[in-house]
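Both chains are sitting in their own frames, so use the hints and assemble them into the complex.
Those protein sequence lines, which keep their order, are chains A and P. All residue numbers for the first sequence refer to the working numbering, where the first residue is 35 and numbers rise by one. All residue numbers for the second sequence refer to the working numbering, where the first residue is 2 and numbers rise by one.
No wet-lab data here; the hints were simulated from the structure. C-beta atoms are modelled at their ideal positions from N, C-alpha and C, and glycine is treated no differently. A couple of the hints might just be wrong.
Within a straight-line C-alpha distance of at most 30 Å, the following computed DSSO-like cross-link-like pairs (lysine-lysine) qualify [unchecked claim]:
no. : chain 1 : residue 1 : chain 2 : residue 2
1   : P       : K49       : P       : K246
2   : A       : K167      : P       : K195
3   : A       : K167      : A       : K138
4   : A       : K138      : A       : K214
5   : A       : K167      : A       : K204
6   : A       : K138      : P       : K195
From the structure, some residues in chain P lie toward chain A, with a derived Cβ separation under 7 Å [what the hints assert, rightly or not]:
no. : residue
7   : G153
8   : K195
9   : R199
10  : L200
11  : D202
12  : Y208
13  : Q267
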Amino acid sequence: MEGDEVIQLRGVAKHFGAAVAVHEASFGIRRGEFFSMLGPSGCGKTTTLRMIAGFESPTAGQILLEGVDVSRTPPYRRNVNTVFQQYALFPHMTVAENVAFGLKSRKVGGSEITARVAEMLDVVRMADFAARKPAQLSGGQQQRVALARALVNRPAALLLDEPLAALDLKLRQAMQLELKRIQRDTGGTFVFVTHDQQEALTMSDRVAVMSDGWVEQIGTPEEIYHRPTTAFVAGFIGEANLLSGLAGDGRLLMVRPERIRLERRPPAAPDAGIGGTVQEIIFRGSTTHVSLASTAGPIVANITDGAALGDMRPGAEVWAVWEASAAYPVPATRDADDLDDAEPDDPHRTDATDPSNGELP
Amino acid sequence: MAAADQGDRSRRRGGLVPYALLTPGVLWLALFFLVPMFTLFRTALSVKESRFDLEPTFSWRWANFTESISTYSSQFTRSFLYAGAATVLCIAIGYPIAYVIAVRGGRWRNVLLGLVVIPFFTSYLIRTLAWQTVLNDDGPVLSLLDAVNLLGPLDQIGLVQNGRLLATNVAVIGGLTYNFLPFMILPIYVSLEKIDLRLLDAARDLYANGWQGFRRVTLPLTLPGVFAGTLLTFIPAAGDFVNAKFLGGPNQTMIGTGVQDRFLVQLDYPTAAALSFVLMAIITAGVLLYARLLGTEDLI
Numbered sequence: 035m036e037g038d039e040v041i042q043l044r045g046v047a048k049h050f051g052a053a054v055a056v057h058e059a060s061f062g063i064r065r066g067e068f069f070s071m072l073g074p075s076g077c078g079k080t081t082t083l084r085m086i087a088g089f090e091s092p093t094a095g096q097i098l099l100e101g102v103d104v105s106r107t108p109p110y111r112r113n114v115n116t117v118f119q120q121y122a123l124f125p126h127m128t129v130a131e132n133v134a135f136g137l138k139s140r141k142v143g144g145s146e147i148t149a150r151v152a153e154m155l156d157v158v159r160m161a162d163f164a165a166r167k168p169a170q171l172s173g174g175q176q177q178r179v180a181l182a183r184a185l186v187n188r189p190a191a192l193l194l195d196e197p198l199a200a201l202d203l204k205l206r207q208a209m210q211l212e213l214k215r216i217q218r219d220t221g222g223t224f225v226f227v228t229h230d231q232q233e234a235l236t237m238s239d240r241v242a243v244m245s246d247g248w249v250e251q252i253g254t255p256e257e258i259y260h261r262p263t264t265a266f267v268a269g270f271i272g273e274a275n276l277l278s279g280l281a282g283d284g285r286l287l288m289v290r291p292e293r294i295r296l297e298r299r300p301p302a303a304p305d306a307g308i309g310g311t312v313q314e315i316i317f318r319g320s321t322t323h324v325s326l327a328s329t330a331g332p333i334v335a336n337i338t339d340g341a342a343l344g345d346m347r348p349g350a351e352v353w354a355v356w357e358a359s360a361a362y363p364v365p366a367t368r369d370a371d372d373l374d375d376a377e378p379d380d381p382h383r384t385d386a387t388d389p390s391n392g393e394l395p
Numbered sequence: 002m003a004a005a006d007q008g009d010r011s012r013r014r015g016g017l018v019p020y021a022l023l024t025p026g027v028l029w030l031a032l033f034f035l036v037p038m039f040t041l042f043r044t045a046l047s048v049k050e051s052r053f054d055l056e057p058t059f060s061w062r063w064a065n066f067t068e069s070i071s072t073y074s075s076q077f078t079r080s081f082l083y084a085g086a087a088t089v090l091c092i093a094i095g096y097p098i099a100y101v102i103a104v105r106g107g108r109w110r111n112v113l114l115g116l117v118v119i120p121f122f123t124s125y126l127i128r129t130l131a132w133q134t135v136l137n138d139d140g141p142v143l144s145l146l147d148a149v150n151l152l153g154p155l156d157q158i159g160l161v162q163n164g165r166l167l168a169t170n171v172a173v174i175g176g177l178t179y180n181f182l183p184f185m186i187l188p189i190y191v192s193l194e195k196i197d198l199r200l201l202d203a204a205r206d207l208y209a210n211g212w213q214g215f216r217r218v219t220l221p222l223t224l225p226g227v228f229a230g231t232l233l234t235f236i237p238a239a240g241d242f243v244n245a246k247f248l249g250g251p252n253q254t255m256i257g258t259g260v261q262d263r264f265l266v267q268l269d270y271p272t273a274a275a276l277s278f279v280l281m282a283i284i285t286a287g288v289l290l291y292a293r294l295l296g297t298e299d300l301i
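With the rest of the complex left out, here is chain P (with noise of 0.2 Å):
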């Protein structure tokens, strides 16, 4: 009869420990997430009513938000354009990368993964600071390429303006890519180190060769890895103003830049929070989007 009391009284806290684990996080996210979207949300919709006036009067004025795309809806775009080409590149050059490592890296893997890792030992704005002075108009990379003469035709097919990099197209992409880069390839090779290789056994022993093999089993295996890192890269690349700021020029300005300007420069914080709410809008319904494009439900 105790015993079974016992049992009954220890289950009961048993079913309360999950609670009590997702307490801290709740409150973390209530405090820190929920509070600030709210506030956020009630700045989008107030007024400054004078250029003097730091805290903007609540007033439902939804017209911040069509105000704020049609002044800034070449950097909305410019934003989605660089992230887009961005994560592609980062997938074109993480997936090859993550798969050596995986699948050849042998007893080399750990140290091939540290060398992914390593950049994030050095702050993310002294890396892209770095990119700056690489690709600076009398840096080591124009320099080399006015050496083998590629200057001439790399300013004709676009990929250098006028002699230069820095604030072109191409450089902020670029610095994009390089930063987000880990970030893509840390899911995809857990995805591809997770596959069982008597999978690709079976594949080869049903008449596959190497490439159906890849294409039939390897890469429907891996793509929750290719959307985790998606996400990864293309979501913070979307909102990112630093390599705008440093490798861009004013014609490279993204949504970023935007907000950034408007928060902290011109003090004007309805329309950034009007601006970052259409960002963040967006975003979700493209990831929402891109889910049930990818069918990862089923994957994951």
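Same shape as in the complex, but just chain A (with noise of 0.2 Å):
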């Protein structure tokens, strides 16, 4: 499995004049596989997706499709197709010359053409629409058209650039489900980019974080949850309290908020824990929401059961407790020689932590 990569980055790198999108990334993409590519706006992951597909070449490195170097090859000749943001289906076509589009290029017979759109419309459910126009479909429909244009043509790849971003909540998780499913009935290589980390975590197989133009940690989604290899992932990846001076040679310890306990006395042998003073309790439904004061910095914990809580009050001196297998200690830094390319004014390694803390006055 491990030697089935489809797609190879090998270095690659972009630069818009002075501006890095993305610094050297290198990593590969395994046939079949579900793979995201989740970051903030401005990450590079785009970027680094319009480079696979070839509408922007690499500013250095190779990027291989199937084993051959693709890095200088226009989009018309690579064999990946594109799922765009806001799906830039033809408006002057019907979803079925939509569809047939990729085959037509590529001077596929009329009759396969035929069964081949016929096809792939029923996959994505949308035969009964084939003689309309992207105009009269609702958004979810036009997603679908988009991804059936793209997967008619059965490319090593399929790009997905944020597809679902354009989405209201309730369809855009109908089509998260819908997107497994179709790949797992067409059995295609996905390449989903996305800023949602709830979205990358539950669909993909891997994921690649990303910030500032820096691949941060390749992983399963639960490697990337429960180890983060750097502090930035730590804070994107769900909430993270990432606690300073715990973990010695200057790491960061990090502990999810769901895995603290709050209780009156230090904790004993397999437990740790540090002390705090209460700032502020939120009940939230399911959970209460608990912010601590504590030497290490601040911790949020995440409370299941409200009632352990008792008559806890802002002000209140408390433990936050953990087992020792809920801590992971992460990097506060980058590497030190990774650091060296970094822009001076570089965020990303030093002061991420947990962004839900910045909600908390």
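What follows is the structure, encoded as structure tokens:
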């Protein structure tokens, strides 16, 4: 499985003038996997996808598609297809004509085109809409057509550029499941770009977390959630407490808020903990959110059993306690040699903490 | 209760606003289009009793139409051929210009568009008279062609006649093309500019090279612009008489020349009116057919 990589990036970088969109990225995408590139806007994920598609050419490095260097190959000669963020359906063509576009470019025979278009419209459940124009479709329907238009060409990899961003929450969740189903049914390799960490965790076999043009970590959703290798990943994927001074050699100790208990006395042997002062208690339905101030930094605990808090009030002195296995040390900064390349005002290494902390007064 | 009443009243007022806004336009059309049309139609069916009779008498004379068509058949043919040729040339010259401005113009876009519009700062007549000077028998174009020994070959293929450019079909078609080119460039530019560039990315992503992307995406999406440009070029060109008058000779007269001659020189109002109506009818029929062929109602 390891050797069967459809796409390989070897030291791929992209500069726009003086600005660096992507620093040297090297990773592979395996056949049949659902691979996500996740990060905040401006992290380089879309640029990376556009380089794989061929819309941008890398400033340095190589992109291999099924073992062949395609770094300088124009998009119309690459066997990958893209689902664009705003779908980019051709407004003057019907749904069927849109789906047939790629097959016509490749001079596929007329009867085969008809058959494959019909088959693909079935897969995306749009067969009844074949004669419609895109303007007559809802956002979700346009999304399905965009998928069919790309997948009908049987690409080596399907590239999806935030395809769900334009949909409302309900539809987005439905389309997430739908996308997974289509990926299973077609057995294709999907490369998915998103800024929504929940979406990436839900759908992906592996996730590449990106920030400021750097690939921070690549791993399964469980790996990046439980064993983040950088403070940025820890803070960006879910909520995280990043405690300083507890892990040694300048590293931060990551403890997820749901793994923290609040107790009146210091923890005993297998457990660890730190004392703090309650700042705020917010009832959130299924959990109660308690923020503490401690010598290791701010701490957030999500308590499932609200009754266990008793009559706790802001100002109370308590212990935040966790099982030793719930804590995971992460480097406070990137590796030293990487730091040399980083911009001087690069904020992503040092002060990347749980973004939800910022919401608290 | 009072609030609901007020809301109701404002809605009713809102319902009247569009009509109020339409009124000036409708009045304008009625006064300066429908009334003159009616008068013109009456005139077209009238008879001029004598040479010195200025006001013709209305008499349901439908023969005015058939007579004017047969008398001016060659002018009709020429008008549509000239206008057609000028329109085709305007598309051939104007589309690439519009394309370059829209796609490659960058920050020069507005400057380039300004250059397209600049001729409008001078009167139509002056511009055409300037062309007369340019194409004159001892003007710069012919002198240049003579100097590089192209006059003979061009005479042979008919672009120049007996060493002259003026009083040829080429001159009139050239003048029409020059004068109406901006009316072709601007609507095509607008339709090109409206195209979502991501559609071209999508076409390239779906294995269409540059030419295929243009033919299958850009061109069909700009047909409404070409259609609008054609209307703005062909219709006035078909009715034009200025270019035929200044750049053409007796063998280049167009239907506009005929209308002008009958109205202003011979004071034969019935024939002039009938000619105008026939021209209008043919153009209307042509436009409807053209719209059907291009399938534009689907695109706009």
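Which earlier hints turn out false for this structure, listed by number in ascending order? Hint check: 7, 8, 13 fail, others pass.
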